[in-house]
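Protein chains in written order, with my numbering: chain A, 1 to 504; chain B, 1 to 96; chain C, 1 to 512.
These are computed hints drawn from the structure, not numbers from a lab. Some clues are possibly wrong.
With a straight-line Cα cutoff of 16 Å, these simulated EDC-like cross-link-like pairs (lysine to aspartate or glutamate) come out [claimed, not checked]:
no., chain 1, residue 1, chain 2, residue 2
1, C, LYS61, C, GLU16
2, A, LYS272, A, GLU259
3, B, LYS10, A, ASP295
4, C, LYS406, B, GLU43
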Amino acid sequence: MSETYTTIIGLEVHVQLATDSKLFCGCSTRFGAEPNTQTCPVCIGMPGTLPVMNRRAFELALRTAVALDCEIPAFTKWDRKQYYYPDLPKNYQISQYDLPMSQHGHLDIRDPKGAFATKRVRILRAHLEEDAGKSLHDEVAGKGDSLIDLNRTGTPLLEIVTEPDLRSPLEAKTFLSELKLLLTYIGVSDCNMQEGSLRVDANINLHIPASSTDPPRPGCPSDQGKHTIATPIVEIKNMNSFRAVERALEYEAGRLWHEWQETHRKLGEVPKLTRGWDDVAGVTRGQRSKEESSDYRYFPDPDLAPVTVSPAEVELVRGSLGELPAALRARLQDGFALSSYDADVLINQGQAVVVYFLEVAESAGDAKAAANWVTQDVLRVLKETNTTLDSLGLPAARLAELIRQIKLGDVPGPRAREVFQAMIERRVDVAAALESLGIAAVDESELIALASKLLAANPKTISDVRAGKAQAVGALIGQAKKQNPNIDPTRFREICLQLIETAL
Amino acid sequence: MSLSRVEVEKVALLSRLRLSDAELDTITADLAKIVGYVDQLAEVSTEGVEPMAHAIEITNVFRDDSSSESLPREEALANAPHHDTRGYLVPAVLGE
Amino acid sequence: MPFFEQSAAEHLRNLETGEVSSVDLTRSYLDRIAALDARVGAFLRVDSEGALRQAAEVDAKRAQRRPVGPLGGLPVAVKDILCERGQPTTCASRILENFRPPYDATVISRLRAADAVLIGRTNLDEFAMGGSTESSAFQVTRNPWDLERTPGGSSGGSAAAVAAGFAPLAIGTDTGGSIRQPAGLCGVVGMKPTYGRVSRYGVVAYASSLDQVGPFGQSVEDVAMLLEAIAGHDPRDATSLNEPVPAYTKEVGLPLANLRVGWVREHFGQGLDADVEAAVRAALGVYESLGATLHEISLPHAKYAVATYYVIAPSEASSNLARYDGVHFGHRTNEKEMLAELAADRKQLETACDRQGLDRLDSALVRMYRRSRSEGFGPEVKRRIMLGTYALSAGYYDAYYLKALKVRRLIRQDFDRAFGQVDLIAGPITPAPAIKIGELAGDPLAMYLLDIYTVSANLAGLPGLCLPCGRSAAGLPIGLQLLAPPLAEARLLRGARMYEQATTWNTTHPEL
Numbered sequence: 001m002s003e004t005y006t007t008i009i010g011l012e013v014h015v016q017l018a019t020d021s022k023l024f025c026g027c028s029t030r031f032g033a034e035p036n037t038q039t040c041p042v043c044i045g046m047p048g049t050l051p052v053m054n055r056r057a058f059e060l061a062l063r064t065a066v067a068l069d070c071e072i073p074a075f076t077k078w079d080r081k082q083y084y085y086p087d088l089p090k091n092y093q094i095s096q097y098d099l100p101m102s103q104h105g106h107l108d109i110r111d112p113k114g115a116f117a118t119k120r121v122r123i124l125r126a127h128l129e130e131d132a133g134k135s136l137h138d139e140v141a142g143k144g145d146s147l148i149d150l151n152r153t154g155t156p157l158l159e160i161v162t163e164p165d166l167r168s169p170l171e172a173k174t175f176l177s178e179l180k181l182l183l184t185y186i187g188v189s190d191c192n193m194q195e196g197s198l199r200v201d202a203n204i205n206l207h208i209p210a211s212s213t214d215p216p217r218p219g220c221p222s223d224q225g226k227h228t229i230a231t232p233i234v235e236i237k238n239m240n241s242f243r244a245v246e247r248a249l250e251y252e253a254g255r256l257w258h259e260w261q262e263t264h265r266k267l268g269e270v271p272k273l274t275r276g277w278d279d280v281a282g283v284t285r286g287q288r289s290k291e292e293s294s295d296y297r298y299f300p301d302p303d304l305a306p307v308t309v310s311p312a313e314v315e316l317v318r319g320s321l322g323e324l325p326a327a328l329r330a331r332l333q334d335g336f337a338l339s340s341y342d343a344d345v346l347i348n349q350g351q352a353v354v355v356y357f358l359e360v361a362e363s364a365g366d367a368k369a370a371a372n373w374v375t376q377d378v379l380r381v382l383k384e385t386n387t388t389l390d391s392l393g394l395p396a397a398r399l400a401e402l403i404r405q406i407k408l409g410d411v412p413g414p415r416a417r418e419v420f421q422a423m424i425e426r427r428v429d430v431a432a433a434l435e436s437l438g439i440a441a442v443d444e445s446e447l448i449a450l451a452s453k454l455l456a457a458n459p460k461t462i463s464d465v466r467a468g469k470a471q472a473v474g475a476l477i478g479q480a481k482k483q484n485p486n487i488d489p490t491r492f493r494e495i496c497l498q499l500i501e502t503a504l
Numbered sequence: 001m002s003l004s005r006v007e008v009e010k011v012a013l014l015s016r017l018r019l020s021d022a023e024l025d026t027i028t029a030d031l032a033k034i035v036g037y038v039d040q041l042a043e044v045s046t047e048g049v050e051p052m053a054h055a056i057e058i059t060n061v062f063r064d065d066s067s068s069e070s071l072p073r074e075e076a077l078a079n080a081p082h083h084d085t086r087g088y089l090v091p092a093v094l095g096e
Numbered sequence: 001m002p003f004f005e006q007s008a009a010e011h012l013r014n015l016e017t018g019e020v021s022s023v024d025l026t027r028s029y030l031d032r033i034a035a036l037d038a039r040v041g042a043f044l045r046v047d048s049e050g051a052l053r054q055a056a057e058v059d060a061k062r063a064q065r066r067p068v069g070p071l072g073g074l075p076v077a078v079k080d081i082l083c084e085r086g087q088p089t090t091c092a093s094r095i096l097e098n099f100r101p102p103y104d105a106t107v108i109s110r111l112r113a114a115d116a117v118l119i120g121r122t123n124l125d126e127f128a129m130g131g132s133t134e135s136s137a138f139q140v141t142r143n144p145w146d147l148e149r150t151p152g153g154s155s156g157g158s159a160a161a162v163a164a165g166f167a168p169l170a171i172g173t174d175t176g177g178s179i180r181q182p183a184g185l186c187g188v189v190g191m192k193p194t195y196g197r198v199s200r201y202g203v204v205a206y207a208s209s210l211d212q213v214g215p216f217g218q219s220v221e222d223v224a225m226l227l228e229a230i231a232g233h234d235p236r237d238a239t240s241l242n243e244p245v246p247a248y249t250k251e252v253g254l255p256l257a258n259l260r261v262g263w264v265r266e267h268f269g270q271g272l273d274a275d276v277e278a279a280v281r282a283a284l285g286v287y288e289s290l291g292a293t294l295h296e297i298s299l300p301h302a303k304y305a306v307a308t309y310y311v312i313a314p315s316e317a318s319s320n321l322a323r324y325d326g327v328h329f330g331h332r333t334n335e336k337e338m339l340a341e342l343a344a345d346r347k348q349l350e351t352a353c354d355r356q357g358l359d360r361l362d363s364a365l366v367r368m369y370r371r372s373r374s375e376g377f378g379p380e381v382k383r384r385i386m387l388g389t390y391a392l393s394a395g396y397y398d399a400y401y402l403k404a405l406k407v408r409r410l411i412r413q414d415f416d417r418a419f420g421q422v423d424l425i426a427g428p429i430t431p432a433p434a435i436k437i438g439e440l441a442g443d444p445l446a447m448y449l450l451d452i453y454t455v456s457a458n459l460a461g462l463p464g465l466c467l468p469c470g471r472s473a474a475g476l477p478i479g480l481q482l483l484a485p486p487l488a489e490a491r492l493l494r495g496a497r498m499y500e501q502a503t504t505w506n507t508t509h510p511e512l
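Same shape as in the complex, but just chain A:
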């Protein structure tokens, strides 16, 4: 069926910017507080109160826009978008209409499995606006009331709108993953969908090859010069994960195709519809929309001053961004031979972890080992102890030293994790950790002496091996470990087998 039509998808992504306070007042943006405990006269919209813009929110928005390679106009302003809703206490949202702070950027996406070619997704615009509150419908006992919680009201959001460049639900999902990677990497948002820090609406329609039954409509510019017909656009809401976005779009593409076959209705013949995704049922459902609700009566907010940004300021921001995930991923894959998966795990952790990894890898001279240690052990400890790299107490140079000494055999492989743990707990280098654990590298002669002794005491092992049961050596390894926990079992096994052979 995929050959019969092309799926056209555009996304609108709302990202909560990582500020301490709200966009226009000093209330905290912390998630999860009791309803209406993080509000003040300004975000409740009480009479006479005025908004004053959070500098950090603007900086984070600018940082994102530059990272998305957007044009940054020299002048931007704030507008009021007017509609009545109880979670919007002023009954207007401060947003940006005709002069957004950024526009015409792009983000490249690629599928590691090669389902689609690397492509450039154009960003139409990204603008800064305030969030609304929440209406809780089911928590009020009885009656028909809804409870309004304004904690979220006034939280800074960046709305990122793509051009309709995506051609499949997988591309949409991949775009969102790549966007999230970028935003978390540059530290502008935690992009936590469960907490609402990242929300997605999708616009979708189908382009169907024109057949003789559907010639281009005369006078309809969208039909002319094309050999395709566009179906009406549907906006999908209520998708709570990237997987849900993918599923909803898959479902909706199929539904649109059926609808087209039944109705042959084209773009422009019906108003844009909104449908909500029901994740449990796996379907989209039509949502009621009132005709007048689309008249938002935007006008410039007289309470807020416009903002000007000079090209020099934009360059300063660009300079501060450093290497972005796409370039970094390429470097980690090409220069350090990491898998795409390992590269993304590292990049997902943000700039500090990547810089740490690069230091470890370069200093240890083994990128693969460095990647394993950082992605498995370092990240695990960070998570378990809820600390940051700065306070971890394991400078990159020390981890690199550990990796080098393991390779040289100075640190016995089986006890490397213990050494790593001790280095962190005691905040010491490899030598001190080894000493504290009583680990000394066992040299070859010691191993040979130990093997000779144990073989002499276990003639049955020798005969078993000679009879072709090489695994009989295993029993000796256990005994050897008891006598010296630092032995390298692999090496010990080799020595035993060698001794048995040479004794022939």
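Model the placement of chains B and C on the given structure of chain A, informed by the hints.
This is chains B and C only, laid out in the frame that chain A set:
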């Protein structure tokens, strides 16, 4: 330009006002007169003139991102005509 | 001279020398209000207890030789549109009848810091929308010079309070002339500072890009004193100007040398009352006699100012007043009745099988909004909300709102050119003296046209001042308006003081 009553009714809905028939009559007449007067703006040549949304035009006014005390919840809700201990109550907003 | 005819500056000298205490002074004013305000209706609420307590605190400070603020112990009346923590702030509207803000307006904080005595809240046109104080939901305010006439508006209560000797000083707000016009009609001095000179934080918004707080007093000196106390940058108001505040009280006494006074050709056209024109021309003559030169100037777009204003102000108002919806504060309709009405409407439509009607039926929430707002707002407020919503709605935005913003710039550019030639502009404040109560009821456009001389200053952000310059044949006050470039308040005050010292118009008072 003349305003129809249907248009005025639409504006009343957008404004979330409910007007009686008598009020609608009066306000339709009033608005028609006022809008008729305001229509003289059309005769002013404004080609190339930048709109002026602020009386005094200043730019880049910011506050620092530091969080401050919020209102105690009882105080925040004190002026609400209908609320419980946790929040504002309104007729169900489902399906709006 | 009776106490209530003395200026604030004189009272302050007496307070400082100990000749009078703040408690005595405050009590005198409270007694006068109690005796006479029933006839004027200037105050919505008088806070006798609170005022006397504040007065006693100032007296105690003086007695203990602790520092006392620049308004040390002077009663100040405040328009009921500035928020005061825990106190009713009604905007003369039913919709805010029970609203008690949990915060102070910055101006209220500054008045407290200056040791003013907040004596009471004055009446206004509902949400400051009007020019006669008649649209107040609560009471009529009468002009102390003729109780059959309005005091002007929207700060009519504040102007009448000062004119009637109920308070030496008062605070008003001016969006399209709401300080200057009632000052002129009540024969007192009133000033609208440069937009952004005084913080708007906590001042309930009518039209945010035009609103400005300002002082009323019996003399230019008093107005300078009150302005100095309330002016200055406020980080909570992003439109407030970060500029130092000159010592207006010191500057006001210095006459301006080589003063160039402009008079506007377009101000003296048809519709200007003969008495008003004569008084204003005489005032220009006074300036000439003081050594100033007179210059005829032109403000070619002045005639579009009212049209421009009545697009921009209602547009902003329609948005600013959207928040009064009965959810988070303010009046809410009776919900039981509302739900019963909804059920009845639905039943009727269902019986009639009117599916279209059912689709269009307002939900409980929309119904609650519409009923609450319609019950809470008076007709003038509804009219302006409707007008503004219309001007901003799809299809009309460019023709009305955007067009008005462009004409606004042309109006400002006219002034910029004019102030290249002159230092101050002088002219009438209103086409005629105060109108009778009810005279223009039912003709809103006629009422709007009275704003012809005042709205330009708001559109352009300029400071303006009105002071008495004569009496009509019927004995009504006539005001002279002076305008200056942005932030030239000191020049404005000095120019006004020159005139005031050369005349005696502010020494006569109405008899009540």
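Against the structure, the hints come out as follows:
1. LYS61(C) <-> GLU16(C): holds (11 Å)
2. LYS272(A) <-> GLU259(A): Holds, at about 14 Å.
3. LYS10(B) <-> ASP295(A): holds (11 Å)
4. LYS406(C) <-> GLU43(B): Measuring from Cα to Cα gives roughly 12 Å; hence the hint holds.
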